[in-house]
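Chains A and B are the protein sequences, given in the same order.
If you use the UniProt record's numbering, the first sequence corresponds to residues 1 to 430, in order.
If you use the UniProt record's numbering, the second sequence corresponds to residues 1 to 430, in order.
Be careful, since some hints might not be right.
[Stated by the list, open to error] Taking lysine-lysine and the DSS-like style, the derived pairs with C-alpha atoms no more than 25 Å apart in a straight line are: (1) K32/B / K338/A; (2) K119/A / K32/B; (3) K341/A / K401/A.
None of these hints come from the bench; they were simulated from the model.
Bear in mind the structure is a predicted one, so any value in this text is a computation, not a measurement.
Protein chains: 2
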Amino acid sequence: MNGKVKIGLMGLGTVGTGIVRLVESFQEDLYKQTDSSIEVSKILVQNPDKERDVFVHPDKITTNPDDLIYDEEIEVLIEVMGGIEPARTYILQAFEQGKHVVTANKDLLAAHGDELLRKAAEKGCDLFYEASVAGGVPILRTLVQGFSSDRITKIMGIVNGTTNYILTKMSQEGLPFEQVLQEAQDLGYAEADPTSDVEGLDAARKMAILATLGFHVGVQWDDVSCRGISEVTQEDIQYGKQLGYTMKLIGIAKRDDDCVEVSVEPTFVENSHPIANVNDVFNAVYVYGEAVGETMFYGPGAGELPTATAVLSDLVAVVKNIRLGINGREMSFPYHEKRLKSPDQVFAKYFIRLIVQDESGVLAKITQLMAENEISLEKVLQEPHGKGEAELILVTHSTSKASIEKFLQLVREFNIVKELKSCYRVEGGE
Amino acid sequence: MNGKVKIGLMGLGTVGTGIVRLVESFQEDLYKQTDSSIEVSKILVQNPDKERDVFVHPDKITTNPDDLIYDEEIEVLIEVMGGIEPARTYILQAFEQGKHVVTANKDLLAAHGDELLRKAAEKGCDLFYEASVAGGVPILRTLVQGFSSDRITKIMGIVNGTTNYILTKMSQEGLPFEQVLQEAQDLGYAEADPTSDVEGLDAARKMAILATLGFHVGVQWDDVSCRGISEVTQEDIQYGKQLGYTMKLIGIAKRDDDCVEVSVEPTFVENSHPIANVNDVFNAVYVYGEAVGETMFYGPGAGELPTATAVLSDLVAVVKNIRLGINGREMSFPYHEKRLKSPDQVFAKYFIRLIVQDESGVLAKITQLMAENEISLEKVLQEPHGKGEAELILVTHSTSKASIEKFLQLVREFNIVKELKSCYRVEGGE
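Pulled out of the complex, with its shape left as it was, chain A reads as follows (with noise of 0.2 Å):
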């Protein structure tokens, strides 16, 4: 039953290496868990020259996507590019050529996972992705495999790390949302263009494939509706937590009533809800399922290693497979349609923060406008903001996002207040 399967490795940054590196290292475990040995075959890069932190023979490295897809001794190709083209068409052209693909591209999924499993499908071809989301956690397979008999209703991610980062720093240290940005780039955990990070592009597109699996819905980065840190200050973080609340970048994914809402937004988390604690650079999935409960799945989020190693764990499922001969029988398409819910029905707790005239009868006037529009308090905070002002933090009980949105826009117009500071979500205290 033994025997060699040849890989082609798409991509040589962080993650291609963590690849060879490990695939060298583990050799022996990898063969006893496969009964094959495994081989990187090929390896696709832009720049040939460019100097490597892994040896890699001269005559692996190819600059011509061909080399690799249609090397008929190639069995399995791994994904570690990035971006959504050329990496698309490349996986389409080797499900083509009958290769199994392992993909650790969260862009390409969220937007054309589909397309990519029905091919793989049509061509008997296995397609996995767990390194997709949450780096080293194996969340995807503890969704398909681990809830099977479970309704998932709600799923609650830290499923992007240099936010998660940011926003710790912030929260413990005190400093500025700019200042720790700074840091996290020169510390190598934001990029140079941290928009995708800093703006919840990344944690939606995660929150996609999650929803997708753990609700058999097709769930698209671009249902997902989003919001990110940039606006989130100190102010903010530190009236939180006076009320128990740990600043957070959540995803969150729920079901009610066969309808779904999926979100990214900066979010206070009760403190004793157990992703509160997640900090740094970790992330971590909070899923609830009717059957089993509050679970939570803990990790890295990024890095070379811990990347390599998920994206190595698919590619020995694929091996497996390959030696029972049931590769692309093992593909669970959404079977349940996608509804989304309108902002009627998104309910959450919110925390609203206002400068209003320090005067009597304020309080009285803006409770007044919350009963008017169904919004009921749970908390109260109000402290004096100097120059005949009141800073005013009101916690709502659960309410409809469209009650919300048309308190907030009656809030801007109303004239005993000054300035309608932040509006957050509050999860974690049902």
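Dock chain B against chain A, hints included.
Frame of chain A, contents of chain B only:
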């Protein structure tokens, strides 16, 4: 491809009842996952007249195991009776009949896992047991598949909910062990005879299973060194708090240089370690892999529906394997030789609490004795204890268990030491 799969259920206690409930309420989802309708067709019980929390047609109930084992229509047997015999015999008989088995029976797996798995493989049958460890947390799948490409070097588990509940209450409310145990019994969290939980035996069985799968070494329950929580005092917990530690019953499995250690013992965990915040009846398994680094998996360790859904996730896997024709072909057996560490190979930090004479030079004499035994000191805390005595807390740097045992023996005989109060392992600060 779709069809009908008949199940025989052995046991209709808490978990068995949950299984009947979930098969019914999740029928549609199970069908979508497996292309098969699943029917619990026979149920083995001890007392057919007992009142049940769930409706079962009387025709399905039997007291004769042969009605399940020799029913040719039954393809899968679910065993949730517990205990070694007759469960072991029934399962072996079922394999002889070509039936697949799903079980939640940790005692059986930790004692006879190898025998059962070999028989299953010989007969081309599946044997899955996800529910045997950490109830609703799919940790066995995670170890086998999620970390298939990594080398796991450490597993730390809070795998017994009863003791975690007791220690949490003792820590948070300052109550003595006996009172909290009584409360836990009243709440149904602890059994009338709590020995198996309180003395760590239940946890030891689960750690044997985790170590076997994580390290690819055949660890049995009697390889696990085991100490319970009944001697843990409120004073120990309070002194630990002063030093930044939380008391937990921790199962530890470590592998160094191809030697393994597996133990269950009350342990002080540094508060910064993620497992320190796992409270009440929740379970968590912390896994350290060479490539992935730190990960943790958290959820309910027991309970009707969490355990039942874990059993059913295994059933889904079995039914998928039936459709794919690959039952019994995914077995993995330990491929590393079992070499257990001797006490001079087990290294950890230790917390030692002594009552000593409160006179000058005592600390010097004790630290001198430590140095002679190659133990170095990380922290010291001394407090008056009245009657010319002092309470002395010593926390060591990492040191061998053999050295600590020798030191404790010498301390007991030392004339300036009035009493050796306690000694606990300390984890989480590396």
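Hint check, failures only: none
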